[in-house]
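Undergrad: Residue-level listing of the chains:
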Amino acid sequence: MDWIVYGVITLIKTAVLLFVLLTAVAYATLMERKVLGFMQLRLGPNRVGPWGLLQPLADGVKLFFKEDISLPVSEPRLYAIAPWVTAVAAITPFLAIPFADTVAPETVEVFGRTVDLAQYGIHRGVIADLPGAVLFILAISSLSTYGVVLGGWASDNRYSLLGGIRVTAQMISYELSLGMAVVGVLLVAGSMRLTEIVDAQARLPFIVYQPLGFVLYLTAAFAEACRTPFDLIECENELVAGYHTEYSSMKFGLFQLAEYAHIITVSAVAVTLYLGGWQGPWLPSGLWFVLKTGALVFFFIWVRATYPRVRYDQLMSFGWKVLLPLSLANILATGCAVAWWG
Amino acid sequence: MELFLFVTFSALTVGSAAAVVWHPHPVKSALFLILSFFSMGGLYLLLQAEFIALMQVLVYAGAVMVLFLFVIMLLNLKPRGEDRAAFKVRVRWAVPLVLFFVGGVLTAVTGALARLAPAGSHGPDWVAAQGGNIRALGRLLFTRGLLPFEVTSVLLLVAVVGVMVLAKKERR
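As given, the protein sequences belong to chains A and B, one line each in that order.
For the first sequence, the UniProt record's numbering begins at 1 and goes up steadily by one.
For the second sequence, the UniProt record's numbering begins at 1 and goes up steadily by one.
Treat the hints with care, as some may be off.
Stated by the list, open to error - Calculated pairs, SDA-like style, for lysine to any residue (alpha carbon to alpha carbon, straight line, at most 20 Å):
1) K321(A) / K28(B)
2) K78(B) / R158(A)
3) K168(B) / S317(A)
4) K28(B) / P76(A)
5) K169(B) / D313(A)
6) K321(A) / L166(B)
7) K78(B) / L162(A)
8) K28(B) / Q314(A)
9) K78(B) / L78(A)
10) K321(A) / L157(B)
11) K78(B) / K321(A)
12) K28(B) / F70(B)
13) K321(A) / V161(B)
14) K321(A) / A167(B)
15) K28(B) / W84(A)
16) K28(B) / D156(A)
17) K168(B) / A169(A)
18) K321(A) / V165(B)
19) K168(B) / D313(A)
20) K168(B) / Q314(A)
21) K28(B) / V73(A)
22) K28(B) / R77(A)
No lab work stands behind these hints, which were simulated from the structure alone.
In this text the structure is predicted, and so the values were computed from the model without any measurement.
Input sequences plus hints: build the corresponding full structure.
TA: Set out below in structure tokens:
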């Protein structure tokens, strides 16, 4: 009957992670508004609760009770399913990310019998320790594109369609660089298992060996999460709101949730691959993970307050003529170094 | 459980592959092709080939089909309307052809399987000893399969350069 214990513990871990992640998404919106406010010498939201801390709650209630305007679109089912595809694809990669060292003891006693949790690594701070975790994360997060494309296409709106078409070309260009940048880490670590990659960074985080790879990953991650300066799919001065122009209420809310969940996911992956994951002195491992991820999310917002949006042809030529050759050079250099010293 | 999953995934693969051909709308056809690739990834997982399963989703469902959708939407392809009758005539010819083709592939594969040695040398135990699917595949690719691997990459490079040459406008 050990598997019941395994299942219950995994379910608890998943529920807690989902709760924390969704709360983090809600507060990422507040963080964005506050940080942008301070960087632009304004106050940001400060009416709901002390220091505006209850603002995400108020936003959620407002989104939930807004009228869900149902348009007479030609593909109502695809129109309805599109936000869900994006949201699910943005959250699912978290299944494979190690967020803490251990979250449970190695053995537990249930009704007088001892269950060995360490046998399948159930006690570790990761829900599914996949052997191809890096590929899994890349594969699943690439699927979020479909929600955006289908939403833009099914809205029967030229602006939405243009936003949807833009995201396809952008994704193809930048996902390639993203994957190629990650290969450097895989070469250094010699594994695709994220727990092994984190363990390998016990002495030094991989950003020391892969400074160029980190910069390349982060740049491609901005495009992957469709954030300024690469947020052309929803740029308001050309496309109204891009792919989610025709969405309202919770469907719009899901697209927003997906956007912030995407930022948190790519930040968490960057922390795991380059910044040592949950490793760190003195503080508990889970707190280190949250702190590092939070710092990267702050960086995302900081960049939004700093840089203007690029033009579409600039985006494409930058992806193919700068980012991709650099990431290939990074692989070559890393491969030579690993062969020489490794 | 395994049988149930196998039946589900194979029914999904074949069914959505048929829907790709049958559906009059190009975008829906592409969506069914994505579903087909997905369930094929599930089949690979059942074979414990997790690397190929992930690659299937990452490359085919994640990248290739995004390009397909991009082209379909860019060309703004409309549902096939009036040539539906011609399509039905063509299907009448296609069914026996497909059956013939499937029969040929099945005979060839079963013949090849009979001639192959039993999976002793590179079976599940060997894969486990190598430290997993991805390591085992990598080691095989860069030792026994090195020449075909490199030749394939040169072939792909030629294709990439060829597309560049063909697609690039003359600049004077």
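Undergrad: All the hints need checking, so say for each whether the structure fits it.
TA: Structure-based check of all given hints:
1. Between K321(A) and K28(B) the CA atoms are separated by roughly 34 Å; this puts the pair beyond 20 Å, and the hint is violated.
2. For the hint linking K78(B) to R158(A), the alpha-carbon distance of about 15 Å falls within 20 Å, and the restraint holds.
3. Taken as a hint, the K168(B) and S317(A) pair is honoured in the structure, with Cα atoms around 15 Å apart against an allowance of 20 Å.
4. Taking the CA atoms of K28(B) and P76(A), the gap is near 13 Å; set against the 20 Å cutoff, the hint holds.
5. Between K169(B) and D313(A) the CA atoms are separated by roughly 17 Å; this keeps the pair inside 20 Å, and the hint holds.
6. For the hint linking K321(A) to L166(B), the alpha-carbon distance of about 19 Å falls within 20 Å, and the restraint holds.
7. Between K78(B) and L162(A), the direct Cα distance comes to roughly 17 Å. Compliance with the 20 Å bound is thereby established for this hinted pair.
8. This hinted pair does not check out: K28(B) and Q314(A) have alpha carbons roughly 32 Å apart, beyond 20 Å.
9. For the given pair, K78(B) sits about 17 Å from L78(A) by alpha-carbon distance, which is consistent with the 20 Å threshold.
10. About 17 Å separates the Cα atoms of K321(A) and L157(B), which keeps this hinted pair within 20 Å; it holds.
11. The straight-line distance between the Cα atoms of K78(B) and K321(A) is roughly 34 Å, outside the 20 Å bound, and the hint therefore fails.
12. Taking the CA atoms of K28(B) and F70(B), the gap is about 13 Å. The hint holds against a cut of 20 Å.
13. A distance of roughly 15 Å separates the Cα atoms of K321(A) and V161(B); the hinted pair therefore holds under the 20 Å criterion.
14. The hinted pair formed by K321(A) and A167(B) meets the criterion: a straight-line CA distance of about 17 Å does not exceed 20 Å.
15. As the CA atoms of K28(B) and W84(A) are separated by approximately 18 Å, the hinted pair is consistent with the 20 Å bound.
16. Our distance criterion of 20 Å between C-alpha atoms is met by K28(B) and D156(A), whose separation comes to about 15 Å.
17. For the suggested pair K168(B) and A169(A), the alpha carbons sit about 18 Å apart, so the restraint of at most 20 Å is met.
18. Restraint check for K321(A) and V165(B): the C-alpha separation of about 17 Å stays at or below 20 Å, so the hint holds.
19. As the CA atoms of K168(B) and D313(A) are separated by approximately 16 Å, the hinted pair is consistent with the 20 Å bound.
20. The suggested pairing of K168(B) with Q314(A) holds, with an alpha-carbon distance near 18 Å, which does not exceed 20 Å.
21. Between the alpha carbons of K28(B) and V73(A) the distance comes to roughly 15 Å, so the proposed pair stays at or under 20 Å and holds.
22. Straight-line distance between C-alpha atoms of K28(B) and R77(A) comes to about 12 Å, which keeps the hinted pair within the 20 Å bound.
Of the numbered hints listed earlier, those contradicted by the structure are 1, 8 and 11.
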